[in-house]
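Protein chains in written order, with the numbering used here: chain A, 1 to 370; chain B, 1 to 80; chain C, 1 to 276.
Note that these hints are calculated values from the structure, not bench results.
Given the structure is predicted, the values throughout are model-derived calculations rather than measurements.
We treat Cβ as the ideally placed atom computed from N, Cα and C, and that holds for glycine.
Each hint should be verified, as a subset may be incorrect.
Going by beta-carbon spacing under 8 Å, a handful of chain A positions derived as facing chain C [stated by the list, open to error]: (1) Gly47; (2) Ile51; (3) Leu57; (4) Ala58; (5) Asn61; (6) Leu71; (7) Gly88; (8) Leu216; (9) Tyr220.
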Amino acid sequence: MKRMFLSGNEAVAYGAVDAGCRFYAGYPITPSSEIMHMMAKLLPEVGGVFIQAEDELAAINMIIGASWAGLKSMTATSGPGFSLMQEGIGYAVMTETPLVIVDVMRAGPATGQATKAAQGDLMQARWGRHGDQYLVVLAPESPQEAYDLIIEAFNISESLRTPVVFLMDEFIGHGREVVFRKDPGEIKLVERRRPSDHEPLFGSDDPRIPPPMPRLGEGYYVLVTGSTHNEYGYRDVHSFETHYKLVKRLKEKIWGNIDKVFKYEVIGDPGRAEKAIVCFGSTCRSAKEAVTGMDNVLLIRLITLWPLNYDLLRELLFNVRLVVVPELSLGQLIYDVRQVVDSGVKVVGVNKVGGGVPIYPSEIKKALEV
Amino acid sequence: MNHVEVIDCSMSKAFTVVVNSLLCKGCGICSEICPRKVLVMDGVNPATGYPNPRLVGDCIGCKLCMWFCPDQAIVVVEKR
Amino acid sequence: MTKHEHPSLKYMRREVLPTAFCPGCYNGIVMNALFQAFEELGIYDLRKYVFVSGIGCSSWIPSPYIKADSLHTLHGRAIPVATGVKLANPELEVIVIGGDGDLASIGGNHLLHAARRNMDLVVIMINNLVYGMTRGQAAPTTPKGMVTPTTPYGNPEEPMDVARLIANTNANYVARWCVSQYLLLKNSFKKVLGEIKRGFRFIEVYAPCTTFVIRRENKTPGQKLKELMNTCIGLEKWEKLPAEERTKYIPTGVFREEDKPGFIDNYKQLITGLKR
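Can you make the complete structure from the sequences, with help from the hints?
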């Protein structure tokens, strides 16, 4: 273990390399560029490959190709680039390509305020692709967690054969804190399952178990396509059965594994609390400060933002009369909270975005007194 | 392509022209490109609805029909 | 299985034939030339070759018809996917097959930069002058004045000469052949698969769409092929023509050719000695 003083961006780069990432393609965009700079330096040192792409469309597609050629691959971007990458991410969902995409969120929409933190890409991270598609969304709250969680992101992407979206914001990306970097022996890594015999490469009897993934160039003659396909990869753009079966299996592959991938932190006693805060990312830092010393407030910090365990949330909040949802946006997580509480429960958002101004603990405290 | 229906156009002295009628889409390129004009598009194949080429003269074995057949449906073989 | 089958068939997935291509589509002729090139090079197993394609009729050539690893990707994005594959495993020979709409319109930026980088890829662009799969809309290669569903009064735009454009980059090999120039096309494939094996190798195949271009000219695909045999002429010959005559002919040939190190060689040289 090595004690370092890192920004969230740097922590992501070290974590990715420690997770076995050996390919990075990216495009510069504030506030994520430092991830790319670090990967450009670190990857050749470990025998990996780095390339700066001509745009985000190229970046996402390059990492898809590299993943099929057998390398763990990653890219990092921010809102505008994330928007450009959606089609590519959808292709990765459809073809079950393990990938990690980091979005260091900034104020939007459009060009917005490039250097100012925000949390407005949550819905896009879940729903940005057209059609029926599901993937995993994770969000750390600190550089230390960014380091640990990015390793987890790679493990989930490999074990479920899915792209994983990693949401940070500019505060975490640029803010510097102590990070303990693990030694190789301390890290548990997951690799994609390789095929044995003539197993179907795009289908499985149990939807929760992803199909095995071959490497290109080993004689599997794999048919990878973004069109609807059967379990052997043959394109079928006509039948109802093939399409319905495919999209349902892809959904169940994510939601059926919710127990494995849903991570969260709880501070306080759900049995006693009458008030609660539900948050993710950097706003939780202010929220944790706000609830110090209070014993009737429950703080639920979501680390996995998708799939979301609504049943678990509902259970945790069963006793609560007021929920405060602080977000560096005009409100997106708040819709999830409204879904899981009774109509009599008051749900209040603390919404602020722009100018690089955080949500202060005092503002959250004030909302709790309502 | 389950089974192959073959039209063996063996009129030629030195070459056999074999047409896989299940692959042939009756486009007529072979007939048009043949320098000796010995291929004629003929009839309607009941399995596919397309006409197939028929050999009506001596094939010289130039293989242009083979190269230019977009459906790999015609083969020129030297007779032993 | 018949005793005599077309030599191309050993490289193809027989279970999905006949192809979905229109009767008389020139895609199949390009396939024949490509497979004959493999055969003459003594390559019978395509396991070290990866085919990447986008969206469009010619993008269906590798997926599913070629018996090899294939990545059928998004419209315009075959080249970046191919780049990722090649960089991740340089042992593989990565071949991109796509149309003019896919590679030069929506994918134009990627084509330009891959050529600029001299990325170690083979790119075969089958130029059918329109967007065939979507029923014949105008493309950046559509001749000025041509009537299509999106240019019902005639195409107001000047077309793009893709091979000439790419010839002005750093690419190792740039050529254009008519689909009627079968032997020259086949030899060109042999060159980029057997002789120059690094850097960006781009081959444009001029092959007008049978259904949405040739038929509108009231010709058959066979007649058009014979016409092309007369109207495709060498680059030098074309340069010597007076300006008014040039529009009647299609210049074909090798625009540039050199066997210099590609992107991977350059990258490796810069990072030698770094690996700990």
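Results of checking the hints against the structure:
1. About 5 Å separates the beta-carbon of glycine 47 of chain A from the nearest beta-carbon of chain C, less than 8 Å, and the hint is met.
2. The beta carbon of isoleucine 51 of chain A is positioned within 8 Å of a beta carbon in chain C (closest approach about 6 Å), and the interface hint is therefore held.
3. Evaluation of the leucine 57 of chain A hint against chain C yields a held restraint, the C-beta minimum of about 7 Å falling below 8 Å.
4. Interface hint at alanine 58 of chain A: satisfied, since its Cβ lies 4 Å from the closest Cβ of chain C, which is below the 8 Å cut-off.
5. Here the hint on asparagine 61 of chain A is kept, as its CB sits about 4 Å from the closest CB of chain C, short of 8 Å.
6. Satisfaction of the interface hint for leucine 71 of chain A is found here, the shortest Cβ-Cβ separation to chain C being roughly 4 Å, below the 8 Å cut-off.
7. At its closest, the beta carbon of glycine 88 of chain A sits 7 Å from a beta carbon of chain C; the interface hint therefore holds under the 8 Å criterion.
8. For leucine 216 of chain A, the suggested interface contact is upheld, since its CB lies about 5 Å from the closest CB of chain C, less than 8 Å.
9. Because the smallest distance between the Cβ of tyrosine 220 of chain A and any Cβ of chain C comes to about 7 Å, under 8 Å, the interface hint for this residue holds.
Checked against the numbered hints given earlier, the structure satisfies every one of them.
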